[in-house]
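Undergrad: What follows is each chain in one-letter form.
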Amino acid sequence: MEFGPHLMLAVLEGALQAAVLALMASGLSLVFGVMRVVNVAHGEFYMLGAVGAWGVTSFLGISPILGFAAALVVAPVLVGLLAAAVDVTVLKRLSYDPERTIVATIGLLYVLQQATLMTYGADARPVAEPFSARIALPWVEWKDGLQLFWPWGLYTTGYRLFVIAAAVAVLVGLGLVMKHTRLGLMMRATQADGEIAAAFGIPVERVYAMVFGLGAGLAALAGVLIVPITQAHYLMGGDALLMSFIVVIIGGLGSLGGTLVAAVLIGLSEGVISVFFSPTLAKILATLLVAFVLIFRPQGLFGKAAR
Amino acid sequence: MPKTPILRPEDTIHSPSRRAALRTLGAGGAAAATLPLWARYAGAQSAAPIRLGFEMHATGIGAAYGRWYERTSIAAVKAINAAGGINGREVVMVTEDDGTDPKRAAEVVEKFATQHKVDLAFGTLFSNVVMAAAPRAGELKMPYFVVSEGHHVASGKLNRWTVQPGITDVKSQVLAMAPFVAGNLGKKVTMIYPDYAFGYDHRDNFPPAMKAHGGEVIAQIAIPPTETSFTKYFAKIPRETEVIYHVLVGPAVLTFVKEMGEFFGPSRPEIFGFIDSIEAVDLNSPGLEFLEGTYFWEGNPRYAQKDQTAFDKAYRKAVGVDDNGASVADPKDVSTYAHMFGCWETLYIIKQGMEAAGYKDAGDRQKLIEAVEEIGKIPASDQHPQGDKVFNGKTHQVFGHQYVSKVAKGRLDVVHTSTIEDGMYPDEVDYTTQSF
Amino acid sequence: MRRDYLVHGALLAALLVAHFLLPAYHHGVMARVMVLACFAIGYNVLFGYTGLLSLGHALFFAAGMYGAGMPMHLWGTGPGAAFAMGVLAATLVALVVGALALRTAGVAFMIVTLMFAQAGYLALLLASRWTGGDQGIVIAQAQRQLWSIDLSAEGPRYLAALVLFGVCLIASLALMRSRRGRVLIAIRENEERARLLGYDTFAMKLMAVTLSGTFAGVAGAGYGILFGYVGASFATVQYSIYPLLWVLLGGAGTILGPFLGTLFMYYLVDTASDLTSAYLLVVGVVLILLTLFAPGGIGGELRRRLWRAMP
Numbered sequence: 001m002e003f004g005p006h007l008m009l010a011v012l013e014g015a016l017q018a019a020v021l022a023l024m025a026s027g028l029s030l031v032f033g034v035m036r037v038v039n040v041a042h043g044e045f046y047m048l049g050a051v052g053a054w055g056v057t058s059f060l061g062i063s064p065i066l067g068f069a070a071a072l073v074v075a076p077v078l079v080g081l082l083a084a085a086v087d088v089t090v091l092k093r094l095s096y097d098p099e100r101t102i103v104a105t106i107g108l109l110y111v112l113q114q115a116t117l118m119t120y121g122a123d124a125r126p127v128a129e130p131f132s133a134r135i136a137l138p139w140v141e142w143k144d145g146l147q148l149f150w151p152w153g154l155y156t157t158g159y160r161l162f163v164i165a166a167a168v169a170v171l172v173g174l175g176l177v178m179k180h181t182r183l184g185l186m187m188r189a190t191q192a193d194g195e196i197a198a199a200f201g202i203p204v205e206r207v208y209a210m211v212f213g214l215g216a217g218l219a220a221l222a223g224v225l226i227v228p229i230t231q232a233h234y235l236m237g238g239d240a241l242l243m244s245f246i247v248v249i250i251g252g253l254g255s256l257g258g259t260l261v262a263a264v265l266i267g268l269s270e271g272v273i274s275v276f277f278s279p280t281l282a283k284i285l286a287t288l289l290v291a292f293v294l295i296f297r298p299q300g301l302f303g304k305a306a307r
Numbered sequence: 001m002p003k004t005p006i007l008r009p010e011d012t013i014h015s016p017s018r019r020a021a022l023r024t025l026g027a028g029g030a031a032a033a034t035l036p037l038w039a040r041y042a043g044a045q046s047a048a049p050i051r052l053g054f055e056m057h058a059t060g061i062g063a064a065y066g067r068w069y070e071r072t073s074i075a076a077v078k079a080i081n082a083a084g085g086i087n088g089r090e091v092v093m094v095t096e097d098d099g100t101d102p103k104r105a106a107e108v109v110e111k112f113a114t115q116h117k118v119d120l121a122f123g124t125l126f127s128n129v130v131m132a133a134a135p136r137a138g139e140l141k142m143p144y145f146v147v148s149e150g151h152h153v154a155s156g157k158l159n160r161w162t163v164q165p166g167i168t169d170v171k172s173q174v175l176a177m178a179p180f181v182a183g184n185l186g187k188k189v190t191m192i193y194p195d196y197a198f199g200y201d202h203r204d205n206f207p208p209a210m211k212a213h214g215g216e217v218i219a220q221i222a223i224p225p226t227e228t229s230f231t232k233y234f235a236k237i238p239r240e241t242e243v244i245y246h247v248l249v250g251p252a253v254l255t256f257v258k259e260m261g262e263f264f265g266p267s268r269p270e271i272f273g274f275i276d277s278i279e280a281v282d283l284n285s286p287g288l289e290f291l292e293g294t295y296f297w298e299g300n301p302r303y304a305q306k307d308q309t310a311f312d313k314a315y316r317k318a319v320g321v322d323d324n325g326a327s328v329a330d331p332k333d334v335s336t337y338a339h340m341f342g343c344w345e346t347l348y349i350i351k352q353g354m355e356a357a358g359y360k361d362a363g364d365r366q367k368l369i370e371a372v373e374e375i376g377k378i379p380a381s382d383q384h385p386q387g388d389k390v391f392n393g394k395t396h397q398v399f400g401h402q403y404v405s406k407v408a409k410g411r412l413d414v415v416h417t418s419t420i421e422d423g424m425y426p427d428e429v430d431y432t433t434q435s436f
Numbered sequence: 001m002r003r004d005y006l007v008h009g010a011l012l013a014a015l016l017v018a019h020f021l022l023p024a025y026h027h028g029v030m031a032r033v034m035v036l037a038c039f040a041i042g043y044n045v046l047f048g049y050t051g052l053l054s055l056g057h058a059l060f061f062a063a064g065m066y067g068a069g070m071p072m073h074l075w076g077t078g079p080g081a082a083f084a085m086g087v088l089a090a091t092l093v094a095l096v097v098g099a100l101a102l103r104t105a106g107v108a109f110m111i112v113t114l115m116f117a118q119a120g121y122l123a124l125l126l127a128s129r130w131t132g133g134d135q136g137i138v139i140a141q142a143q144r145q146l147w148s149i150d151l152s153a154e155g156p157r158y159l160a161a162l163v164l165f166g167v168c169l170i171a172s173l174a175l176m177r178s179r180r181g182r183v184l185i186a187i188r189e190n191e192e193r194a195r196l197l198g199y200d201t202f203a204m205k206l207m208a209v210t211l212s213g214t215f216a217g218v219a220g221a222g223y224g225i226l227f228g229y230v231g232a233s234f235a236t237v238q239y240s241i242y243p244l245l246w247v248l249l250g251g252a253g254t255i256l257g258p259f260l261g262t263l264f265m266y267y268l269v270d271t272a273s274d275l276t277s278a279y280l281l282v283v284g285v286v287l288i289l290l291t292l293f294a295p296g297g298i299g300g301e302l303r304r305r306l307w308r309a310m311p
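Residue numbers (our numbering), protein chains in the order written: chain A, 1 to 307; chain B, 1 to 436; chain C, 1 to 311.
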């Protein structure tokens, strides 16, 4: 493929990846920002969203679009409730100690993943795209004057565009909730200082449970959105977790805005770097970047200094 | 119930009751089949069952294969037992999951040998797993029957205890496909394959074979095993490509094929794939419509063909697979039909080898390997439903026919059957010169 | 002296006796457990005694394993020299990672170590031409001969594992009984105070990371040579989590804990895998229960109930 169309394709792919990543990473970032908990099981909530979408659509057995719409609501809510229950039964009892919660969420990761293996099985299962339309895109080249042509593989699909739009809508909604509602105010107050927030009568424990549920719900939503493109598999959470870690750290731990910028940057560059390098090398560079950002610029590339 | 003498271990070979028992047994499968299990095997040299360790990819990326390998093996063991077992002894299968993980696989082999005390182990598919486990089997001097289609056995990298008598290796498959691709589809080929051992068998063997038939591989695209999105790789396909040659395994195969279809849209080159790319995937899944008119290598045709043999019919029935290659119980549960026959045939090779060697216990393991090395020609039969084969005792590898099928009206129709010779290549090792 | 040396010596003696008594399968398992326990001992030096939680120890284990396995595979190096090279490789990697990662603390330290280990794992895949990628390298039986002892045979392998384990166990005991060991514990309890007392806490922590990596390297090199397989799956996150689990289970900050945890966990997983293919579920449940109810692990309980001065 020529360079121009190839780059364009990489950008389109990157935009999709960035959209899904932004949803997932904002959940991780929210949980870390408010609760100071690094949720290693975050990728499993993403996986549960995808598996849940398969469950809902195949249980209902109605038209792809209605089934998918139902999954879009049901799966994230169920996963959010599950996460809230985990918060109350496990994390709260650890007093949200940062290191012990990491160990506990590693345990949770295995429990969720293996429980899925025992019930759902080891196969990758597809969910039909609610609507499918391949949209071929033209490219221009200079051959005796400017000419329009349709290169192989320069395309996107209606569903991919929908995923990008949906992610943007949800994130804008999340931003509005954080800024303009009582709930958002309570979260921000708890984030600023849990003890003072409690003194002002904010039910900190309930806020924590809600935040953990919301974070997991966002991951699950990302899972539901991606599953018509990739299929649900019990091991799909691992790579997703790693990528959202990378995004959250580059963006600055706990900063939602930074997370979004980083998601777009990482999503796009993943696509573009793999044009030039092997994908494995691209991943190595990304992980090393995270390590060095944490070592030399712990506030993240886009965060403000001093946590 | 007929009176069958029950032998105690201390009965000697010369005991008259024993001869009588053997004669009773010789009276035929029909009589034997009416006896209860304990009585049926009672006449054999030892009433203890033969224990076969089945190393299963129950979890991890090989899970879809593992499930069907298990079903096929259970069916074969059932059929063998119904016909009187091996050397008149019942066959018992002991299953252990290796998680498709090389490290665990080596431990499982150890567990088979020292804890389950099996007579031999079989059933491994993924090349990396075989590579890790086979040396351990060699050290433990336990016969290891792989059903992996990897070239590792015939390449000489393994040992005398490891054999692959039930399925051909990738090198042979690839060599047999090159004349078809060059002759019918096009000369300029772009290859897409997984970035690990199994893919390397394709990467290394197909280009020279293509060259020998006047074709050329113009690009090779390796895909990391855990990849979940593929469009960025398709973008690397050169524009002058006439044929895409694809092969992929693992949970993401459906995504892979679907995205390939989306990538090309209405104007695609010829596409030739190894069925691995859609093994265990329903050919009529949404998004796969573009496969219509493309070609696949099949180890064994998934859809029952017009000229289906009686052997294939009986085999399908025994395993519980319908004419579309899916489970009889659940038409959505598509089998790994192109590969799993290997387990069935391997078990019958084990039976043949053990009976030729007069196998009694673990002390006869070396004799078993020697007997298998002698097998040579294998005619098509109920025991070998995929077709006739030739086992090369020196390289421990079997050679057989390959099938090319074309997708037409949502099913796979065989359009070309290669000869056994198409897939032959010079020996790279002589295991029979190695010591045990 | 030294009730502690006596007790640990008795364990080693018991393991020697076990060599003659254990049935074949458990004999093989115990050899594995002893080698892996060296890994856990190393992890314990850092986590249990110094209070630093790393999520990247698979990198050091893999450095030892490949450091030993690749020379054997590529150049036919003998097992003795290869072992030394493996341990040296792990030590160097740990020194570099430590020097970088120790600029951070707490959660950031965990993530930095995790990322370095992940990069290491991916690098092994990338360099598949030499490392064999995820297929790994098989080290031929013929190469695993040390002074005409066949290390791949059951007996010598068990004894070799016992020697490795014994050396690691006694070395970690001696370290923790030494002045430096006490400084490490002081850092765990209160780093600020240790610094005010005039200790160079960065240098001490770096020493702890490096030593910990060296132990991991001993285990990795030993495992590769004794069991004949060197593979990238040993460099995955899972192998960073295992030592954490073993140490937590056995008792962080006790000398015996790592061995007990490794032994217990091995049999737990082995038993569970007979019952279900989802045997890693056990790992998850044990991790959660431990953090909730028994942060001290087995060793912690022993110390509380039986032997207050247990090292």
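Hints are supplied without guarantee of correctness; some may be wrong.
Stated by the list, open to error - Simulated DEER-style distance windows between Cβ atoms:
{"no.": "1", "chain 1": "A", "residue 1": "V73", "chain 2": "B", "residue 2": "K313", "range": "46 to 56 Å"}
{"no.": "2", "chain 1": "B", "residue 1": "A362", "chain 2": "C", "residue 2": "W147", "range": "27 to 37 Å"}
{"no.": "3", "chain 1": "C", "residue 1": "T271", "chain 2": "B", "residue 2": "Q366", "range": "53 to 63 Å"}
{"no.": "4", "chain 1": "B", "residue 1": "P208", "chain 2": "A", "residue 2": "Q147", "range": "32 to 42 Å"}
{"no.": "5", "chain 1": "A", "residue 1": "T89", "chain 2": "C", "residue 2": "R305", "range": "20 to 30 Å"}
{"no.": "6", "chain 1": "B", "residue 1": "N184", "chain 2": "A", "residue 2": "F3", "range": "25 to 35 Å"}
{"no.": "7", "chain 1": "B", "residue 1": "N284", "chain 2": "A", "residue 2": "A133", "range": "13 to 23 Å"}
{"no.": "8", "chain 1": "A", "residue 1": "V88", "chain 2": "B", "residue 2": "K313", "range": "57 to 67 Å"}
{"no.": "9", "chain 1": "A", "residue 1": "A70", "chain 2": "B", "residue 2": "K313", "range": "41 to 51 Å"}
{"no.": "10", "chain 1": "C", "residue 1": "F293", "chain 2": "A", "residue 2": "D123", "range": "48 to 58 Å"}
{"no.": "11", "chain 1": "B", "residue 1": "A408", "chain 2": "A", "residue 2": "A70", "range": "31 to 41 Å"}
{"no.": "12", "chain 1": "C", "residue 1": "R103", "chain 2": "A", "residue 2": "L281", "range": "18 to 28 Å"}
{"no.": "13", "chain 1": "A", "residue 1": "V88", "chain 2": "C", "residue 2": "E301", "range": "53 to 63 Å"}
{"no.": "14", "chain 1": "C", "residue 1": "L275", "chain 2": "B", "residue 2": "K409", "range": "30 to 40 Å"}
Hints are computed from structural coordinates only; laboratory data are not their basis. For every residue, glycine included, the Cβ atom is placed at its ideal position computed from N, Cα and C.
Undergrad: Hint by hint, say whether it matches the structure.
TA: Consistency of the hints with the structure:
no. : hint                        : result
1   : A/V73 / B/K313: 46 to 56 Å  : holds (48 Å)
2   : B/A362 / C/W147: 27 to 37 Å : holds (31 Å)
3   : C/T271 / B/Q366: 53 to 63 Å : violated (33 Å)
4   : B/P208 / A/Q147: 32 to 42 Å : holds (40 Å)
5   : A/T89 / C/R305: 20 to 30 Å  : holds (28 Å)
6   : B/N184 / A/F3: 25 to 35 Å   : holds (33 Å)
7   : B/N284 / A/A133: 13 to 23 Å : holds (20 Å)
8   : A/V88 / B/K313: 57 to 67 Å  : holds (59 Å)
9   : A/A70 / B/K313: 41 to 51 Å  : holds (43 Å)
10  : C/F293 / A/D123: 48 to 58 Å : violated (36 Å)
11  : B/A408 / A/A70: 31 to 41 Å  : holds (36 Å)
12  : C/R103 / A/L281: 18 to 28 Å : holds (26 Å)
13  : A/V88 / C/E301: 53 to 63 Å  : violated (27 Å)
14  : C/L275 / B/K409: 30 to 40 Å : violated (46 Å)
Taken one by one, the earlier hints fail for this structure at numbers 3, 10, 13, 14, listed in ascending order.
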